[in-house]
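There are 2 protein chains.
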Amino acid sequence: MTFLNELEQRIGQQHVLTGQSMQQYLEDWRGRYTGTAVAVARPASTEEVALVVRLCAEHRVPIVPQGGNTGLCGGATPDNSATALVLSLERLNKIRSVDIDNDTMVVEAGCILQNVQQAARDHQRLFPLSLAAEGSCTIGGNLATNAGGTQVLRYGNARDLTLGLEVVTAQGEILHGLHGLRKDNTGYDLRNLFIGSEGTLGIITAATIKLYPQPVASCTALLALNTIEDAVQVLALARQGLAASLTGFELIAGNCLQAVLHCYPDQRMPFQGPAEKAAWYALLELSDSESLEHARERFETVIGQALEQELVQDAVIAETIAQSKALWHLRESIPLAEKAYGKSIKHDVSISVSVMSQFVHETDKALQEAFPGLENVTFGHLGDGNLHYNVARGTAFTEEELLKRQDEIYTLVHDSVHRFHGSISAEHGVGQLKRQLLPRYKDPVALSLMKQIKTALDPLGIMNPGKVLPD
Amino acid sequence: MTFLNELEQRIGQQHVLTGQSMQQYLEDWRGRYTGTAVAVARPASTEEVALVVRLCAEHRVPIVPQGGNTGLCGGATPDNSATALVLSLERLNKIRSVDIDNDTMVVEAGCILQNVQQAARDHQRLFPLSLAAEGSCTIGGNLATNAGGTQVLRYGNARDLTLGLEVVTAQGEILHGLHGLRKDNTGYDLRNLFIGSEGTLGIITAATIKLYPQPVASCTALLALNTIEDAVQVLALARQGLAASLTGFELIAGNCLQAVLHCYPDQRMPFQGPAEKAAWYALLELSDSESLEHARERFETVIGQALEQELVQDAVIAETIAQSKALWHLRESIPLAEKAYGKSIKHDVSISVSVMSQFVHETDKALQEAFPGLENVTFGHLGDGNLHYNVARGTAFTEEELLKRQDEIYTLVHDSVHRFHGSISAEHGVGQLKRQLLPRYKDPVALSLMKQIKTALDPLGIMNPGKVLPD
Numbered sequence: 001m002t003f004l005n006e007l008e009q010r011i012g013q014q015h016v017l018t019g020q021s022m023q024q025y026l027e028d029w030r031g032r033y034t035g036t037a038v039a040v041a042r043p044a045s046t047e048e049v050a051l052v053v054r055l056c057a058e059h060r061v062p063i064v065p066q067g068g069n070t071g072l073c074g075g076a077t078p079d080n081s082a083t084a085l086v087l088s089l090e091r092l093n094k095i096r097s098v099d100i101d102n103d104t105m106v107v108e109a110g111c112i113l114q115n116v117q118q119a120a121r122d123h124q125r126l127f128p129l130s131l132a133a134e135g136s137c138t139i140g141g142n143l144a145t146n147a148g149g150t151q152v153l154r155y156g157n158a159r160d161l162t163l164g165l166e167v168v169t170a171q172g173e174i175l176h177g178l179h180g181l182r183k184d185n186t187g188y189d190l191r192n193l194f195i196g197s198e199g200t201l202g203i204i205t206a207a208t209i210k211l212y213p214q215p216v217a218s219c220t221a222l223l224a225l226n227t228i229e230d231a232v233q234v235l236a237l238a239r240q241g242l243a244a245s246l247t248g249f250e251l252i253a254g255n256c257l258q259a260v261l262h263c264y265p266d267q268r269m270p271f272q273g274p275a276e277k278a279a280w281y282a283l284l285e286l287s288d289s290e291s292l293e294h295a296r297e298r299f300e301t302v303i304g305q306a307l308e309q310e311l312v313q314d315a316v317i318a319e320t321i322a323q324s325k326a327l328w329h330l331r332e333s334i335p336l337a338e339k340a341y342g343k344s345i346k347h348d349v350s351i352s353v354s355v356m357s358q359f360v361h362e363t364d365k366a367l368q369e370a371f372p373g374l375e376n377v378t379f380g381h382l383g384d385g386n387l388h389y390n391v392a393r394g395t396a397f398t399e400e401e402l403l404k405r406q407d408e409i410y411t412l413v414h415d416s417v418h419r420f421h422g423s424i425s426a427e428h429g430v431g432q433l434k435r436q437l438l439p440r441y442k443d444p445v446a447l448s449l450m451k452q453i454k455t456a457l458d459p460l461g462i463m464n465p466g467k468v469l470p471d
Numbered sequence: 001m002t003f004l005n006e007l008e009q010r011i012g013q014q015h016v017l018t019g020q021s022m023q024q025y026l027e028d029w030r031g032r033y034t035g036t037a038v039a040v041a042r043p044a045s046t047e048e049v050a051l052v053v054r055l056c057a058e059h060r061v062p063i064v065p066q067g068g069n070t071g072l073c074g075g076a077t078p079d080n081s082a083t084a085l086v087l088s089l090e091r092l093n094k095i096r097s098v099d100i101d102n103d104t105m106v107v108e109a110g111c112i113l114q115n116v117q118q119a120a121r122d123h124q125r126l127f128p129l130s131l132a133a134e135g136s137c138t139i140g141g142n143l144a145t146n147a148g149g150t151q152v153l154r155y156g157n158a159r160d161l162t163l164g165l166e167v168v169t170a171q172g173e174i175l176h177g178l179h180g181l182r183k184d185n186t187g188y189d190l191r192n193l194f195i196g197s198e199g200t201l202g203i204i205t206a207a208t209i210k211l212y213p214q215p216v217a218s219c220t221a222l223l224a225l226n227t228i229e230d231a232v233q234v235l236a237l238a239r240q241g242l243a244a245s246l247t248g249f250e251l252i253a254g255n256c257l258q259a260v261l262h263c264y265p266d267q268r269m270p271f272q273g274p275a276e277k278a279a280w281y282a283l284l285e286l287s288d289s290e291s292l293e294h295a296r297e298r299f300e301t302v303i304g305q306a307l308e309q310e311l312v313q314d315a316v317i318a319e320t321i322a323q324s325k326a327l328w329h330l331r332e333s334i335p336l337a338e339k340a341y342g343k344s345i346k347h348d349v350s351i352s353v354s355v356m357s358q359f360v361h362e363t364d365k366a367l368q369e370a371f372p373g374l375e376n377v378t379f380g381h382l383g384d385g386n387l388h389y390n391v392a393r394g395t396a397f398t399e400e401e402l403l404k405r406q407d408e409i410y411t412l413v414h415d416s417v418h419r420f421h422g423s424i425s426a427e428h429g430v431g432q433l434k435r436q437l438l439p440r441y442k443d444p445v446a447l448s449l450m451k452q453i454k455t456a457l458d459p460l461g462i463m464n465p466g467k468v469l470p471d
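Keeping their order, the protein sequence lines are chains A and B.
All letters in the first sequence, in the order written, are residues 1 to 471 by UniProt numbering.
All letters in the second sequence, in the order written, are residues 1 to 471 by UniProt numbering.
Calculated directly from the structure, the hints in this document are not laboratory data.
There may be inaccurate statements among the hints.
For identical chains, the list gives no copy identity; a pair is met inside one copy or between any two copies.
Simulated pairs of lysine to any residue, SDA-like, Cα-Cα distance not exceeding 20 Å [said to hold, decoys possible]:
1) Lys451 with Gly461
2) Lys451 with His176
3) Lys451 with Gln171
4) Lys365 with Ile345
5) Lys339 with Gln240
6) Lys277 with Lys343
7) Lys365 with Ile321
8) Lys365 with Thr301
9) Lys451 with Ile174
10) Lys277 with Glu369
11) Lys277 with Asn376
12) Lys277 with Pro470
13) Lys346 with Arg419
14) Lys346 with Ser333
Isolated chain A, as found in the complex:
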């Protein structure tokens, strides 16, 4: 019997796609990565995933696990050899259980993140993982890439929100690890090994995730600042004064907000005077377990200190939920406004907060020297040390010229990140995009350990080959 026949027998003919019906699984959502595959398998259960993996192991067929297909680094797209099987987790989409007293929930890998958030809300709980693709990304993909998002400052990355995993290994065995324990010291931390491994060590089929109380009130403030140094000092004040209630601290370069106002005339800057054109802005979010009034009072105290210390030029604290939303909307509109200016070269980097300012100054300067006229479009999660250090063509380049020099720009920026002991992938992962960069930027001993682990756990090399690990 051929591989495809056996596959159909194991999971049902209608769940093995070939030819045209595979199309949507062979290209990522942004159209950056395209590949071919022998078929797409859509198993319905963990047992079926295990059956498929065992079959692939027998036939030495490489497997590309896929969730919502919203990744940014091509980790879920097959290569062009037409030898791989795309294994879509989309039919494993059940919320298996919600345990209110334990504040945990067991979800299958194919659950859409928004549905997971909603299930938590239905039980008056918060699942804090939140990111732009939440309407279509899956929790399995979030875990495979250790997704970040806007609440990391308070709640951590995807790995920090996970207590247990169910995984199908490269041998097609099922690791049963779905306990909801906050403490378990009975051996190696396999959970965190699979989280962030982008399907190269095994396939996450379900997870036990942590739930939190819903905040009673959220409040947002926008500050106008002269320098990143000042923003770093305000962050310190805010962490001291607000502790875990500080759930967001975003840094935004002035030109980003100017671009938003230019593209979206219905949005407006909440400042007048010089603060309207400040060099930098910080967007702060406070989640309070008492009341909106209390949240505002706490903001007033901290921002009052910052004004007194002349760290802040001007500040506005939202008075209503609508005002909070309007301030966040300014921030969320940046990527779209950026797009309206044409393609930009994006860098998802992290740097110690203490050298963030120096990194930005030195890298900006080096870029201008090498490519006069380029424009920086910098924003990010200052509280996590994570910058989206993006570079637009500015006045001096056409889009075509910019893209032609893309690799030079990558190298200049990533080299600078490396000099500052930062990371060239803060929250998006490695996938296809950055794997060949690792030998230049990653500790050689770390890379060697990664390869040893890969060989040990996937000796046939069938789990998502060509991803994460460099050649």
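Chain A is already provided as a structure; the job is to place chain B on it using the hints.
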């Protein structure tokens, strides 16, 4: 040249101990585990650790890494074969740097935990890892065993407090991973693999740890309760009402506090009437970023709700720091009071909070049926689902009889934990004590993955053999 000569040449003769001078390194602090060794090496730097490991790899000499020697499972004690080298990290005891803006600190493995806490305080920061042995345990040992302690509910275990590691591998190479990044998705999570592996995969020589703002005020409350079910409901109210300000939620059986009062007549119960002899107590700690007054107000709101819902029989909220300390002192005196009653059989287990009550009832009942007259001495960190489910001889047994039946009692309790999908080692690790229990209680696929990783990273099997992994 012999192994010992070479060793002396590499790290200096005075730092290679043999004969009588080894004694304190060959026995754990409680005197439960004793071993022999070829020598004790006390390298002074990461480079020296690497030299020692390379030498041991050449000569196939097993290595037993050791920190403060305060572990509870014999993980740092050599066996009796006199073939191993004990590698003490005690001379790697520098705080390498403190980065205030980034809220991180780089510490060497041999730093005493209390010194790490103090260094954070010196910079107006909190390093929240806190446990009974903090005056002599080392941060390296804390990380090797993924220590828990009293602040886990809010801040997590040792692994959650760590951003980066420096590790000497089993080949004597140095993994340089001391970045202070909160986000880094450039490959497998090696950090969490080494944390909790008890020296069986490599030797942690330094770590970058997270700092937090110091709370402005702490406040403690003691509640008298009828049942564990009620305590679980109060925990839910407290998490909802206090969110991240709730930094402790301890559950204490009534007889534990009675034992404390009996042993230490200078301590007193803050209740009168029936609450003096309640079945259960809960000790809550609230850390506030505003004021003691505010902390008390918040406690009053939450505890008011609990009283209204008749979940609590009586409650006292500390009015002063001294009162808070007195309440904690009751809790901290339990292990000593327990000791005064003679040896007890200890179980460090974790269970989902939602089935905690059922677990205790069923296990208590099964114990009484099998061993009539035994006495349960149960307390623990309810907020983390972690119970110290200890068993004392009660009226029916002598100490000798109890110890004779120790293994039967272990098996009964651990089997029950297993039925409730709990863990037989919540925060103490595996070491020598529990490794042979893993085949009975641990998922076989997890165990097999652990062995594959061990073989891949330590093919010579020289890193702390006889620990963690079962034969």
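Check each numbered hint against the structure and report the violated ones by number, ascending. Hints 5, 6, 7, 8, 10 and 12 contradicted; others consistent.
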